[in-house]
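Asker: Below, each chain spelled out in residue letters.
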Amino acid sequence: MSEAVVQDKKRFVVPIGPQHPALKEPGHFEFTVDGEIVTGATVRLGYAHRGIEKAVESRNWTQSLYLLERICGICSHVHAMTYCLGVEKLAGAEVPPRAQAIRVLVAELERVHSHLLWLGVAAHEAGFDTLFMYSWRDRETVMDLLESFTGNRVNYSANILGGVKCDVTPDLASAILKGVDFLEERSRHYLNVVTTDEVFLQRTRGVGTMSKEVAERLGVVGPTARASGVARDIRIEAPYAAYADFPVQIVLAEAGDLEARFVVRIKELFESYRLIHEVIDKLPPGELQTRMPRKIKAGETISRVEAPRGEAFYFIKSNGSDNPERIKVRTPTLCNMGSVVATAVGHQLADMPMILAGIDPCFSCNDRTVAVRDAAGALVTWESLRQRRLAHQENK
Amino acid sequence: MDVLKTLFILLIFPGGLFVLANGMVYEWADRKLVARLQNRVGPRWFQPLADLLKLLAKEEVVPESVNARLFVWLPIVALAGVLTGALYLPIAGLQPSYSFSGDLIVAVYLFSMLTLCTGIAGANTNNRFSLVGATRTLTQLFSYEAPFLLAMLGPAVAAGSWKISDIMAYSSTHPVILLQPVGFVIALIGLMGKLEMRPFDAPEAETEIVAGALTEYSGRGLALFYLGRYAELIAGLTLMSAFYLGGIHNQLDYIVKTLVLLLALAGVQTLMTRLRIDQIVGLWWRYGTLLVLLQWLVTLLLKGMVL
Amino acid sequence: MLVDTLRSFFQKPVTRLYPFERNASPERLRGKLHWNPDNCTGCCLCAKDCPSDAIEVITIDKKAKKFVMRYHADRCTYCAQCVQNCRFSCISMASGEWELASTSTEPFTVYYGNEADLEPLLGKAPPPAVDMP
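As given, the protein sequences belong to chains A, B and C, one line each in that order.
Numbering-wise (our numbering), the first sequence opens with residue 201 and increments by one.
Numbering-wise (our numbering), the second sequence opens with residue 9 and increments by one.
Numbering-wise (our numbering), the third sequence opens with residue 9 and increments by one.
Isolated chain A, as found in the complex (with noise of 0.2 Å):
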């Protein structure tokens, strides 16, 4: 220990974090610079565990649903829809095609909206402030769409397990075509501005250029993944709800830089457009739930939906009762987390906000547990913890 101290006196570290402008939730991350160049990252989270994995167990599988969905703020949906369909799979119910078309729908509409937003905090982030003021503009289209559709702008509550709560009027379908043209038009303008603006290039062009080699050994997933030419999307590679009948055409780039990254995520947004207008014209009649049992069958399985930051991931065990047995959430950034440490070395300390929010980090989602280890190395126990603050009592 002492040693590492004495090597951290010799480099010159940058903190950045928990607290931080260019972070807009707590991460903790330390960049080693030589003059202006970064020479070395670590990086560490937990700083919002929430233990929301171990809150579940003691709620019954309705309120979990609710609990669950508050994971994340801004993909709340991907998380509820997650969950729904692993218990219906458990359950062994039939969700009738109206409900999955509609959560298509809405996990699109969030998708555009969480991908507007990703485009203001990066273009802020590389102090482009009107790019980031124009496109949260334009979100408040979509923002209003889905509370006028759900009846909330954020945390939709769209799910229920068996089905969806709200039903697509004609009304609603035309604003909402609507204000998803508006936003193609919006999109490609942006789409001509982060690719021809010379000196937002200079920014993005070139910087944290991750190698279709390096994204693959990393694991990493999303957009992130897309940008470096891995095609991996759980739309196309097992499609859920209703993506087998609206089927997904991949976006990729070769690049792997923060511009390819920024010309994914916007042309994923037409393909959200053009999925929206398909399942508006398409919508199959149908109910819009089916019953579910208050106890879901003793079982375990994994559900899989893809998130607009990439793969999220549910283990979901039950052991018959009211209650799930054990809920196990993987969030994409977690999978992301490690580009941001391997793309970091050799760059200028003024692109890492750039480089960390190329991921579109969600760093409270991801914070599940931690482990945490003492000076020996070994790993530190509740019942220790509970032995530790019993002998400092005694001390007093």
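In short, the hints are calculated from the structure, not lab data.
Keep in mind that the hints are not guaranteed to be accurate.
As the list claims (entries may be wrong) - Using 27 Å as the maximum straight-line C-alpha spacing, the simulated DSS-like pairs for lysine-lysine come out as follows:
{"#": "1", "chain 1": "A", "residue 1": "K224", "chain 2": "B", "residue 2": "K40"}
{"#": "2", "chain 1": "A", "residue 1": "K467", "chain 2": "A", "residue 2": "K495"}
{"#": "3", "chain 1": "B", "residue 1": "K62", "chain 2": "A", "residue 2": "K224"}
{"#": "4", "chain 1": "A", "residue 1": "K497", "chain 2": "A", "residue 2": "K528"}
{"#": "5", "chain 1": "A", "residue 1": "K517", "chain 2": "A", "residue 2": "K497"}
{"#": "6", "chain 1": "A", "residue 1": "K254", "chain 2": "C", "residue 2": "K73"}
{"#": "7", "chain 1": "C", "residue 1": "K56", "chain 2": "A", "residue 2": "K517"}
{"#": "8", "chain 1": "C", "residue 1": "K40", "chain 2": "C", "residue 2": "K20"}
{"#": "9", "chain 1": "A", "residue 1": "K289", "chain 2": "C", "residue 2": "K56"}
{"#": "10", "chain 1": "C", "residue 1": "K20", "chain 2": "A", "residue 2": "K495"}
{"#": "11", "chain 1": "A", "residue 1": "K528", "chain 2": "C", "residue 2": "K56"}
{"#": "12", "chain 1": "A", "residue 1": "K497", "chain 2": "C", "residue 2": "K56"}
{"#": "13", "chain 1": "B", "residue 1": "K13", "chain 2": "B", "residue 2": "K171"}
{"#": "14", "chain 1": "C", "residue 1": "K74", "chain 2": "C", "residue 2": "K56"}
{"#": "15", "chain 1": "A", "residue 1": "K467", "chain 2": "A", "residue 2": "K412"}
{"#": "16", "chain 1": "B", "residue 1": "K40", "chain 2": "C", "residue 2": "K56"}
{"#": "17", "chain 1": "A", "residue 1": "K378", "chain 2": "C", "residue 2": "K73"}
To be verified - Coverage of chain C stretches by chain A, computed from C-beta distances (three or more under 8 Å per stretch; other residues unrestricted):
{"#": "18", "segment": "30 to 37"}
{"#": "19", "segment": "54 to 61"}
{"#": "20", "segment": "83 to 93"}
Note that CB positions come from ideal geometry on N, CA and C, so glycine has one too.
Since the structure of chain A is already known, use the hints to place chains B and C on it.
Answerer: Chains B and C only, in chain A's frame:
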């Protein structure tokens, strides 16, 4: 009487309160313009004043491990430098309070005091963000200072005098902006660098190094640095309109010309992405300096031909 | 981008000055919960599935089907699971009532029910709030 008059010049007009109040108004105008260009509402007219009062009312924290005397005096020196420089300028269309041949050089260097003090203030503290910010501030100073000074001296060369009022008299009769367009652009961009406006705000890039060199400053010290920047905005705009936009002859002239320049500044701020410090240095030394030297050559040749 | 900035310069800002300008809330907005006691059978499904324990159904007289509801607006997450659960459509969420902030805790505990049934409850001091598990 003389003492009273000097005190009035130093404290109220144009050296003290007037420049500061004017600076706050222009700072508000700048923020409002940028906001409107970004389709936002922007701040109310009293926002800079409210910021200032809030900062002045707050406790000033002097961190450990800094030279406390330096920490307290740097903002005062910075503000004093800018205000002294403003004495040589035709602020608000009136004659400069003081004038001597060669006052241009003195004024331009007094305006650099602010940046220099900011840099030293950052290096004085032990904060990593401040240190990186100070390095960037001083790096940027060295990159834009030479081209900016050369661009300012362009009209001086043409006028054949280094006295601000003489140069203004020359520019009133000659369309300097047409004769030296490159110099105008460089001076305007140099002013943005001086004021650390986007795209030259790498020294205080909030997403990277929080508030840069001034991270550790709070309360009174920060307020004084802000005031210094407001005053510098006024001084820079005045100097630019006096040299390149045909001089300042009355109050209306002053308001119109400086506001046009401010609009140009706001436009550039809105359309630009923050540049990295290496890109800034490259831009200035690769293009800025060369272009302004070329401009000098052309000016001298023209002058030689006319004579 | 230049065209965009010029256009927005001459446009009205899109920012809504909220307390002075209000947008009409969409029809489906989930606002404050309302309860109609007429059809309630006292099945308590709403309370059972509430993810945040915001609903308490208090039985006054089981045989006469007299129930009142104590609703904690501060605990409510506005998920509308109770609306889905109720088989007799007793529960609704008002789309117009969404400005529920208050500086005291009193307005957050709301009683619903027939006035005659509520009297004994409201007459005495409300019981101390139960801590969430």
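Asker: What hints, given by number in increasing order, does this structure fail?
Answerer: The structure breaks hints 2, 6, 8, 10, 16 and 17; every other hint is satisfied.
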